[in-house]
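Respectively, the protein sequence lines represent chains U and L.
According to numbering that gives the first Met the number 0, the first sequence holds residues 0 to 510 in order.
According to numbering that gives the first Met the number 0, the second sequence holds residues 0 to 280 in order.
Because the hints were derived from the structure by calculation, they are not lab data.
Quantities reported herein were computed from a predicted structural model and do not represent experimental measurements.
Check each hint, because a few of them may be wrong.
Keeping only pairs whose Cα atoms sit at most 16 Å apart, straight-line, the calculated EDC-like set for lysine to aspartate or glutamate is [what the hints assert, rightly or not]:
1) K438/U / E106/L
2) K6/L / D397/U
3) K500/U / E106/L
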Amino acid sequence: MKLETLSRVRRAMNRVYEIITDTSLDYKDKRHLLAAEAENFLPYVKISEKAQNYFAEGILCDLFEGHAPYRPRYILPDYQKFMEKGSEYLNLKPPQDLFEAVNALLIIYRYVPSITSYPVYLGQVDELLEPFVLAAGEELSEKLLKMFLVQIDRVLPDGFVHMNIGPKDTRTGRLLLKLERELKQAVPNISLKYNEETPDSFAVEAVKTALEIGKPYFVNDRELKEDLDPAYGVASCYNTLLIGGGSFTLVRLNLKEAAKKARDFQDFIQNVLPDAVLAQAEVINARAKFIVEEAKFFETSFLAKEGLISLDRFTSMAGYFGLYECLEHLTGLKLGQDKEALYYAEQVLKTAKDTLKRVPGAYCNGTGGRIGFHAQSGIDSDIDVTPGVRIKYGEEPDIFTQIKTEGRLHKYFDTGISDIYIFDRTARENPEGVLKIIKGALEEGIRVFSFNTSDSEFIRITGYLVKRTDVLKYEKGEVLREDTVKLGAASIKNNNTEARKVRIIGERNSQ
Amino acid sequence: MRGIVNKIIEVSFIDGPGSRMAIFLQGCNLDCLYCHNPETKKYCQNCGRCVEQCPAGALTNLDGRVTWDKAICHGCDRCLEVCPHSSSPKTTLWEVEDLVAYILENEVFLDGVTFSGGECTLQADFILEVSHKLKEKSNLTVFVDTNCFLEEEKFLTLCQNIDGIMADLKAFDPVLHRKLTGVANELIFQNLNTASQLGVLYEVRTVLVPGLNDHPQEVKNIARFIRELNSYTLLKLIPFRNYGVKSYLKEAPNLPEEKFFELFEVATEILGSRVYGKYSI
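Taking the hints into account, I'd like the entire structure generated from these sequences.
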């Protein structure tokens with residue numbers, strides 16, 4: 000055996016041994032990491048030397064998706080179809096009552112692959128269950144929905160597991176919001192699709208829930224329907240993708256690191272950024288092709304065979320982050336503070352998007368044959384770089400300026416963007432006031448508005464939630480059920496998450 | 000016309016219904032034992048004492064006028080501590096048009112504005128003009144947070160041109176009221192009646208101070224008075240807390256939680272769900 004191969008084998012064996020003997024991981028985490036190790040023993044999907052260099056320079060990053068992807072990163076099955084037709088593969092008939100409906104969903108969730116190994120999309124749960132809830136009555140429904148939510152939290156303990164509700168007011172939606180308030184669980188993540196038809200009384204229930212537990216997000220339903228597809232869902236953190244589809248991969252570009260290669264802003268816009276975006280697209284397409292053509296995911300998955308997903312509703316995502324630092328480096332301007340920064344920000348985004356949309360996206364039929372444009376929220380290992388196109392934590396201007404600045408930027412992103420606003424606890428006294436701000440924000444172009452209170456037990460990291468008490472347990476070395484806690488704990492330190500400005504201070508001296 | 004503004008909070012959740020911009024005007028006509036904001040009482044005398052003490056160099060004395068540079072200010076409030084006149088060098092003069100334009104820039108996020116203070120009705124004419132202009136151009140509502148210690152005729156005009164009054168009633172008992180604030184409460188009751196009849200008395204707020212107005216009879220009297228007034232005014236009970244008190248009662252104890260709940264119960268028996276407020280320290 001060649002020396003190089005031998006040392007590679009040794010390294011892999013060491014790594015496998017490390018995983019197996021790591022006392023901070025539980026069984027399922029180990030199994031997941033061992034599978035990743037096996038995948039990464041294969042060479043990386045074929046990409047050019049230029050693209051490899053971008054990885055080495057820290058400009059491109061594939062978020063540890065693995066060398067040889069064998070399933071799409073995010074999958075959004077058409078659960079409505081599943082409820083109507085049942086599944087031959089799972090040997091399930093269409094559910095007839097709430098018991099069967101809840102049971103059917105809990106079964107299929109275990110069979111939905113993703114990059115995390117957990118389902119990142121649980122469906123439009125209020126719509127799916129509403130007819131059964133109406134038939135079952137309030138008391139029984141509440142009990143069953145509670146078990147449903149508890150089961151999700153315990154069996155799928157991952158902050159990226161994501162449920163959608165709204166925009167319609169439903170009995171089920173209200174029950175889920177109420178139960179979530181009571182249960183105070185980090186999982187699942189929740190989005191409320193919000194539009195003009197969402198009644199205030201329902202939206203206020205959602206606001207009350209979010210002020211307690213940091214979820215749901217408010218999603219700009221009108222804009223996303225128009226821009227993406229009427230049948231879209233929110234998966235994992237802030238990924239807006241097609242129901243019945245998903246995203247093969249997410250490769251992201253660090254605008255801060257890319258900016259360092261440019262002589263000046265013009266050089267960045269004309270040369271550096273387009274070159275990096277083209278390399279990013281190359282990697283994305285190589286990965287998507289591998290899943291479809293070599294791993295043959297769509298030929299083997301029952302989800303595809305039974306029509307719960309379809310190749311023509313898939314896409315890939317190109318993610319961007321570090322815009323704040325990119326602008327600061329190239330122009331000396333601070334986004335949110337200096338008005339001209341917004342002009343430069345739009346130039347960067349237009350250039351990146353135009354470049355990306357010139358390249359055919361392999362199997363990206365869900366977004367017109369082009370790769371989706373995405374604001375990536377950051378990961379635990381990012382240091383001194385701001386997620387997506389947000390304003391650096393601690394440097395935010397007043398909330399109205401922040402919303403208006405970001406509202407101008409959100410429109411570019413068809414496959415996901417967000418920001419997080421922290422209110423002080425007086426917001427709980429006035430959920431109607433919070434709703435007014437959310438409505439204003441959506442009107443100003445914000446696509447996903449997520450918020451929390453500064454005294455909450457929950458911390459929203461990049462997009463997922465962790466409990467403060469769990470972070471403390473993790474730091475003491477306890478093995479935890481939720482695999483997202485360790486990501487969150489590192490993120491809080493590296494991303495300065497706790498420096499986010501508390502935007503509305505009502506606790507002043509007003510006696 | 001120009002108003003003297005102490006500060007503006009772009010959005011507040013505790014100054015009336017919905018999302019409201021809170022505009023604090025300079026000047027007050029009461030001398031409350033538990034004042035939290037004595038620096039809002041008087042207008043700046045330009046004595047320059049604060050200029051010497053400002054660690055950031057944000058204050059300068061220009062031709063006998065103290066001026067404040069917001070961009071340099073650290074917000075340490077040293078100037079407020081050393082001011083011998085219960086004032087602040089950090090007030091800003093706002094033209095009506097400019098304030099209205101600033102509010103309308105953010106109209107999409109707001110249900111309205113609330114003028115507070117100090118005692119904002121000392122600048123009632125300014126409020127009237129802002130309200131008038133705002134209503135010409137938007138659906139925003141205007142609320143006024145006031146002690147109601149204002150000449151009856153002026154108060155009537157004000158009530159006819161705004162949407163809501165949030166009234167401080169420091170005490171029901173006249174002797175107690177004088178002790179707490181330095182003034183009688185007869186005029187205040189008159190004005191509360193006026194606001195009530197015009198349908199704009201949104202809420203009455205009472206801070207419960209240990210040993211002063213935390214007697215059940217006091218709370219009973221206030222609640223009964225509101226019940227007699229109308230069927231819509233809310234009563235907000237606020238437990239006294241010494242945090243941030245800069246006047247006579249800064250050493251006084253907080254109102255105990257049990258006492259607050261007892262008084263809350265007394266008010267609730269009379270006004271039902273129209274009583275709100277919570278115990279938070």
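Going through the numbered hints above, which ones does this structure break? Give me the numbers in ascending order. Violated: hint 3 alone.
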